[in-house]
Amino acid sequence: MSAVTSPRPLSLRALRESDLNAVMAIEVRGYPYPWTRGIFQDCLRAGYPGLAMEEDGLLMGYGLLSIAADEAHILNICVDPLCQSRGHGRHLLRALVKLARDHGAHRVFLEVRPSNTSAVALYHSEGFNEIGRRPRYYPAREGREDALVMAIELVDDDIQVMPPL
Numbered sequence: 272m273s274a275v276t277s278p279r280p281l282s283l284r285a286l287r288e289s290d291l292n293a294v295m296a297i298e299v300r301g302y303p304y305p306w307t308r309g310i311f312q313d314c315l316r317a318g319y320p321g322l323a324m325e326e327d328g329l330l331m332g333y334g335l336l337s338i339a340a341d342e343a344h345i346l347n348i349c350v351d352p353l354c355q356s357r358g359h360g361r362h363l364l365r366a367l368v369k370l371a372r373d374h375g376a377h378r379v380f381l382e383v384r385p386s387n388t389s390a391v392a393l394y395h396s397e398g399f400n401e402i403g404r405r406p407r408y409y410p411a412r413e414g415r416e417d418a419l420v421m422a423i424e425l426v427d428d429d430i431q432v433m434p435p436l
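Numbers in our numbering are just positions in the sequence shown, counted from 1, shifted up by 271.
These are calculated hints, taken from the structure and not from any lab test. Accuracy of the hints is not assured; some may be wrong.
[As the list claims (entries may be wrong)] Distance ranges between label pairs, derived from CB positions:
#1 Arg378 with Ala296: 31 to 37 Å
#2 Glu424 with Gly309: 29 to 35 Å
#3 Arg316 with Arg284: 15 to 21 Å
#4 Pro410 with Leu353: 21 to 27 Å
#5 Asn387 with Met295: 15 to 21 Å
#6 Ser396 with Arg372: 28 to 34 Å
Every residue gets a Cβ at the ideal spot worked out from N, C-alpha and C, and that includes glycine.
From just these sequences and the hints, can you work out the full model?
Next comes the structure, spelled out in structure tokens:
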């Protein structure tokens, strides 16, 4: 009789510059037009809050925020494509929203490619609404792609009423 193994718990911690080798490997797998290492370094050196999501000590996702006044902006959120479709993106998104709230944000913004339908669906399911478009925001194979601008208002108890995983 073999033992049944349970899923290993995910852990979240502050993103560090020492994570950037692993971040860049995921970034290249996850996006056709990845951020550069320099962009990540600039964000971390500027003090932007970031989260690293690990399983058994291995980085499997990350996210970065900028926060000004009472608004936060999710600059980058990515789960390794090798680990997607397991609820990790939802877990990381919720943690970033909580981090924004903990830093005094009352609303959180993000941009997403309309062609990234799974991400758009995730953001909608977590309470984000489309509030606009940025024309030709992203590079694309055939020129440029618009960005959907989405936002969520963090009113009292929002975090507690999000649907369970």
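Hints, one by one, checked against the model:
Taken as a hint, the range 31 to 37 Å holds for the pair Arg378 and Ala296, whose Cβ atoms sit roughly 32 Å apart. Restraint check, Glu424 to Gly309: a C-beta distance of roughly 33 Å satisfies the suggested window 29 to 35 Å. A C-beta distance of roughly 18 Å is found between Arg316 and Arg284, which places it inside the suggested range of 15 to 21 Å. In this structure the supplied range 21 to 27 Å holds for Pro410 paired with Leu353, their Cβ-Cβ distance being about 24 Å.
Our hint of 15 to 21 Å for Asn387 and Met295 holds, since their Cβ atoms are close to 20 Å apart. A beta carbon spacing of about 18 Å between Ser396 and Arg372 contradicts the range 28 to 34 Å that was offered as a hint.
When each numbered hint is compared with the structure, a violation occurs for hint 6 only.
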